[in-house]
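Taken in order, these protein sequences are the chains called A and B.
Under this note's numbering, read the first sequence as residues 1 to 333, first letter to last.
Under this note's numbering, read the second sequence as residues 1 to 156, first letter to last.
Everything labelled a hint here was simulated from the structure, so no lab data went into it.
Just to be clear, a hint being listed does not mean it is correct.
As the list claims (entries may be wrong) - Interface residues of chain B toward chain A, partial, derived using beta-carbon atoms under 8 Å:
id	residue
1	Thr29
2	Ile31
3	Tyr49
4	Arg52
5	Leu62
6	Pro103
7	Thr105
8	Glu119
9	Asn126
10	Asp129
11	Ala130
12	Glu132
As the list claims (entries may be wrong) - Under 7 Å between C-beta atoms, here's a sample of chain A residues computed to sit facing chain B:
id	residue
13	Ala40
14	Trp203
15	Ser279
It should be emphasised that the depicted structure is a prediction, and the values quoted were computed from it without experimental measurement.
Yeah, the Cβ is synthetic: ideal placement off N, Cα and C, and Gly gets one too.
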Amino acid sequence: MSLELVCPAGNLPALKAAVDNGADCVYFGFRNSTNARAFAGLNFDSETAKQGIRYARERGCKVLLALNTFPQTAQWHIWRQAVDDAVELGVDALILADLGLMRYASRTYPNLRLHLSVQGSATNYEAINFYHEHFGIQRAVLPRVLSLAQVENVVKHTPVEIELFGFGGLCVMVEGRCILSSYATGESPNTAGVCSPAKAVRWQQTPKGLESRLNGVLLDRYGADENAGYPTLCKGRFEVEDETYYALEEPTSLNTLALIPDMLRMGISAIKIEGRQRSPIYVEQVTRVWRAAIDAAKRDAAYYAVTPDWMAQLGKLSEGQQHTLGAYYRPWK
Amino acid sequence: MSQPAFTFPRPLGQLIEHLPAWPPSFAFTRILNLALRQVIRRRDLQALYGKRISIHVTDAGLHLHFTVLPTGFSAAAGNVEADLAISASAYDFYLLAMRREDPDTLFFNRRLVVEGDTELGLVAKNTLDAIEHPMLELERIFPRHLLARMKARLWV
Ligand code: SF4
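Work out the full structure, taking the sequences as your base and the hints as a guide.
This is the structure we're talking about:
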């Protein structure tokens, strides 16, 4: 099937919301640091995972497990156990980033379907084909750094299915390699499964405005009428040469509804929605809009147009309440 | 920033503001215990045990203070600084409780303010999100006529 809609599930109600509103696949993580959304209280234990998989299956929706962090030597067994558990649960595919884990999974379970995570940071077809030859990777999620023309070039030169990010929070353009959070807190997505660990984050109302701090470092100060963003270093406002501004990136969300016909034409296999950390109502609303949009484009790509209603619904849910086509649409390469 | 669709009438808010915080906190924890007892596994709230949480309903001028104990929610006096403080309007709390609005969305556009220990806030949010049904199934707690009156007021 072309252009599957892949939706996030941080918990059982979110999974059900995705399935009920038209997701073709849902992806989830276990309750430990084996995935890049290791937040307290989020994710699935074996009981909720079982229930979720059953619920999705009965309704024709596939289930993917994100095991997309990099194991530390001392805790290798936790990641290996997660692969074994996933097979036991019977997920449709694993989303992996680490080479060692890929080797283990592909040797131990030759029939297990593997996807290359965005954290694997493979941006060219040579890299993707390497993963395919050595570990039988069947799909790769591309980092949000390529223009559409570059994406198309990748698709043409690989047998591996290509999945693109369609909507959600944006990382600055070094996916799978960013250690900004480690710099301030000792923990970052690839090592501890979390950017800006909540225990290091403080929000405080001050006479000057709402302040966010990461381990004491002032990230931003919002005036009364300013929208807030996630407390990540990449989206902080910093003083650079006497000017205070978003020196790395503005709080904004990726929204590529307008590109769906291009993605269909290019033979993209799947669109991923970001946001396992968001609530079930977010998953419900985003899934509904994307389902409608993909169906409309599949019916008649030539007459496809993004409706103001879709944009309004997604705009409301966006960080910073503004959105961008990201790197997909840009004149330079 | 969009305006909340409902705010408490100011005089009413001012009146509530002058009432001592303890009785409403007591009633509130009774409701929480009733509503959540069956749907939250106790150990999921372990990180919150002994923590002081305060909820500020901004337009009603209402401050609720409580702690989470292994036995349930318990009202607390409001004279000590809370470990976690959450503020929003009555209407926004209602939207959150009924799962009509995403907390991150409200947070981004400044309608929901979370101060103090962010991790506690995240535990609370994620635990409530993981519940299968809206946090407060009001129908189960309130007699029908009271509920109808509340709804009528909230949807003016
Ligand atoms: S600091 Fe920003 S770019 Fe880096 S991992 Fe966190 S969200 Fe992504």
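Comparing the hints with the structure gives:
no., hint, verdict
1, Thr29, "violated (20 Å)"
2, Ile31, "violated (21 Å)"
3, Tyr49, "violated (14 Å)"
4, Arg52, "violated (16 Å)"
5, Leu62, "violated (18 Å)"
6, Pro103, "holds (6 Å)"
7, Thr105, "holds (5 Å)"
8, Glu119, "holds (4 Å)"
9, Asn126, "holds (3 Å)"
10, Asp129, "holds (5 Å)"
11, Ala130, "holds (4 Å)"
12, Glu132, "holds (6 Å)"
13, Ala40, "holds (5 Å)"
14, Trp203, "holds (5 Å)"
15, Ser279, "holds (5 Å)"
Going down the numbered hints, you'll see the structure goes against 1, 2, 3, 4 and 5, while the others check out.
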